[in-house]
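Visitor: Build out the structure end to end from the sequences listed, making use of the hints.
Protein chains in written order, with my numbering: chain S, 1 to 453; chain F, 1001 to 1319.
Honestly, the hints are just simulated from the structure, not real lab data. Just so it is clear, CB atoms sit at the ideal spot from N, CA and C, and this is done for glycine as well. A portion of the hints provided could be inaccurate.
DSBU-like, lysine-lysine: derived pairs with alpha carbons at most 30 Å apart [to be verified]: (1) F:1111 / S:18; (2) F:1223 / S:230; (3) S:19 / F:1127; (4) S:19 / F:1134; (5) F:1134 / S:439; (6) S:230 / F:1306; (7) F:1134 / F:1063; (8) S:230 / F:1263; (9) S:3 / F:1063; (10) F:1057 / S:443; (11) F:1057 / S:439; (12) F:1087 / S:438; (13) S:19 / F:1087.
Coverage of chain S stretches by chain F, computed from C-beta distances (three or more under 8 Å per stretch; other residues unrestricted) [as the list claims (entries may be wrong)]: (14) 2 to 14; (15) 121 to 134; (16) 226 to 236.
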Amino acid sequence: MGKIALIIQREYLTRVRKKSFLIMTILGPLLFAAFLILPAWLTQVEDADEKIIAVVEYDEMNQPVADSSTFFFDALVEKNNLKFEYVPSSLEALKSALTVSKYDGILYIPYNIINSEIAELYTKKQPGIGLELHIKQNLENYLRNLKLRKKEIPVDVLNSVQTTLTLKTIKLAKDGTYQEQNLQEIKRWVGYISGFLIYFFIFFFGSQVMRGVIEEKSNRIIEVIVSSVKPFQLMMGKIIGIGLIGLTQFFIWSLLTFTLVTVAQQALGLNKKIQQASEITPESIFDAKPVQGQITPDKTAEIQGYLDKIEEIDFLAIIAAFLFYFIGGYILYGSLFAAIGAAVDSETDTQQFMLPVTIPLALSLIMMVNAFTNPDGKLAVIFSIIPLTSPVVMMGRIGFEIPGIQVIVSMALLFLTFLGSTWMAGKIYRTGILMYGKKPTYKELWKWIRYKN
Amino acid sequence: MEIFKAVNIEKRYNNHLALDNLTLSVPEGSIYGLLGPNGAGKTTLIRIINQITAPDKGELFFKNRKFRSDDVMQIGYLPEERGLYRKMKVGEQALYLCRLKGVKKGDALQKLKYWFEKFEISAWWNKKVEELSKGMQQKVQFIVTILHEPKLLIFDEPFSGFDPINTDLLKKEILNLKTKGATVIFSTHDMGSVEELCDRITLINKSKSILEGNIKEIRDTYKSNIFEAGFRGDATKLGEILGEGFEITGLQSQEEMHYAKIKVSENKEKNLLLSRLIPYFEITAFNEVLPRMNEIFIKAVKEAGKNQQNEPNTWEKLH
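Guide: Rendered as structure tokens:
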């Protein structure tokens, strides 16, 4: 077995057997799944605290309406932990007694609410978005229906004019014809998420490379090893071994995350809700009279079509690009991290050299978000070609139809740069691993690069 | 035959000259001492032999031909700054390091078993390195250094950190390796072990070789005509008895017994010393005092210091 293979094997096996790897492998997808599911789940969970809101409505004499069967009180629908109670006393009295009363708030509905469209909610504590939204929506619906009734428009007419629009995007292709952009959305998001993953991967595993180098250096084992193998072999073996760890973890994660998300969705019945939602809409649309006699697309069928066509997407190209930028970016940054590790004695000394590496990395994340919203913008194009930012930024653009030449130039530059960076890092590494004591300056690093042999 | 030869080696770091026109040749089958003050350039030379760094000028030879990069596989190197992966298991790590030196897995396992038993550390095979005492780690490292049966061994301060029993064990193994035909380059500040083990030495000072040769010849050339005599009797009149041309450089007395170190002038006969003593004392011992390597070391470095005074000071630590 070649020496570099031996080094890769060691780097891989010692890490894959660590407890922290196991923990991260299990926790990673849990966190990821939680990240994906939590917001959806939270919307389903009711506010746990019980709240009682006192409601008072004023009549044209600006006096509290005595009868609780007022219009507006009916409008307020009770939820599990949210109750409304009509209190026919003056607003002033209610306000002054709020602190000692059982009520959490007072909803004041003035007489001219139809015209003014203003109601007031007095609360003891912060009411919370959920409560506010609930009252707002209830009142809005009620007011709208009231207005419709005044204009004698039946409710089913109202439902029939509710419209959902599908905007098809048709882009001028290179061959001069217009082509419908199928599933563009998914492609874009795949690219976007890939960009995030690359960013995360580079950061996490790049710094592991650095820590590994520092470990060997501070352990003083480095001298024994470089008397058996070339420093460059050791450096590359380490970068590749840790990269493979990352790929393994990434592979397990995507598998587990996918499983977890699917299971969780089933358990929480999210799928059912989505289905219901997509079933209701078309019915109401069919009730309506189509504006131009054109058949409005059936939403469920469209979703089904989406799923069917997923295989048709040019995913291969995206995956290929992902792998290229993933590996290229990781080796580029990995070698820089290795050089930093070699230049210092301990992790606390790394700050000074980390900055020039982490800044382009952080910048690339910002630029990717920018590129996603404006994929043909000047900044997006420039940063998706500059090698230090291209692995992340280009992934944000790759789902869009972008000029192939830009991708080729970006890839070629990345390739050349990572050759250059590994060469340069190899030079710094070779000298740095045997240097102890004083932290080198950038000037010294430059000297190390220029040393012969 | 020389197993290793360096001719006119020069190595420069930034503005610091680490090795200056150094020539050195190590006969096959010998134990070769590499001596010198801290920062003299020994480690640089050792790193050059191990191909960790390359010289700026000069030529290296291995077995009478030019040094090739794969010759390093025939070298075993125990660096002064020793270290192992702390979290890795002892056996696994030893195996890894041996395989990096090109030993096949099966072979390496077999030999490791043998050496682990010999050094009585078999029970530690599956323990993590961080659980081992320093001495045990040193043993592991020694085993790893010699396991691929290198023709040339380089030990940098091999005895540091060892107790007297293990030091002895190690010395025996080093002599064993010599009888098996290996050559040992051996860098140390422990002059006692140099006298005990080395056949030849080179003394490097301020990046230059200032003394080179067979250790017996060197001690001979540095001897200063001092003799030690053990005798019984009244030592108060020793000076008068000896007379001109003899100088007492040391006297230790225990009741009637005395041990005197006497320097004999160049022009005087050594036998005259004995004949002057015999009428007055009962002689129990008489021998020439050979200089200790310690003294030679200090003397040579001091002399070199005087000679090098006018030269620009190149002796600074690497960075």
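Visitor: Regarding the pair residue 1087 of chain F and residue 438 of chain S, is the alpha-carbon distance no greater than 30 Å?
Guide: holds (27 Å)
Visitor: Please verify the coverage claim for the region 2 to 14 of chain S: does it have three or more residues whose C-beta sits within 8 Å of some C-beta in chain F?
Guide: Contact hint for the region 2 to 14 of chain S vs chain F: holds, 5 residues under 8 Å.
Visitor: Going straight from one Cα to the other, do residue 19 of chain S and residue 1127 of chain F come out at no more than 30 Å?
Guide: Answer holds: residue 19 of chain S to residue 1127 of chain F is near 17 Å, not above 30 Å.
Visitor: Straight-line Cα separation of residue 1134 of chain F and residue 439 of chain S no greater than 30 Å?
Guide: Given pair residue 1134 of chain F, residue 439 of chain S holds - Cα atoms ~28 Å apart, limit 30 Å.
Visitor: CA of residue 19 of chain S to CA of residue 1087 of chain F, is that 30 Å or under?
Guide: At roughly 12 Å apart (the allowed maximum being 30 Å), residue 1087 of chain F and residue 19 of chain S satisfy the hint.
Visitor: Would the hint linking residue 1057 of chain F and residue 443 of chain S be met if the CA-CA limit is 30 Å?
Guide: Within the cut-off at roughly 25 Å; holds.
Visitor: Run the distance test for residue 1134 of chain F versus residue 1063 of chain F: straight-line Cα separation, threshold 30 Å.
Guide: violated (36 Å)
Visitor: Run the distance test for residue 230 of chain S versus residue 1263 of chain F: straight-line Cα separation, threshold 30 Å.
Guide: Distance of about 56 Å is beyond 30 Å: violated.
Visitor: Can you confirm whether chain F covers the region 226 to 236 of chain S, using C-beta to C-beta distances below 8 Å and requiring at least three such residues?
Guide: Answer holds; 4 residues pass the 8 Å Cβ test.
Visitor: Next pair to validate is residue 1223 of chain F with residue 230 of chain S; report whether the Cα-Cα distance is within 30 Å.
Guide: Violated: residue 1223 of chain F and residue 230 of chain S sit about 46 Å apart, past 30 Å.
Visitor: Taking only the CA atoms, is the gap from residue 3 of chain S to residue 1063 of chain F under or equal to 30 Å?
Guide: Holds - the C-alpha atoms of residue 1063 of chain F and residue 3 of chain S are around 25 Å apart, at most 30 Å.
Visitor: Are the Cα atoms of residue 1111 of chain F and residue 18 of chain S separated by 30 Å or less?
Guide: Status holds; Cα separation ~28 Å.
When each numbered hint is compared with the structure, violations occur for hints 2, 6, 7, 8, 15.
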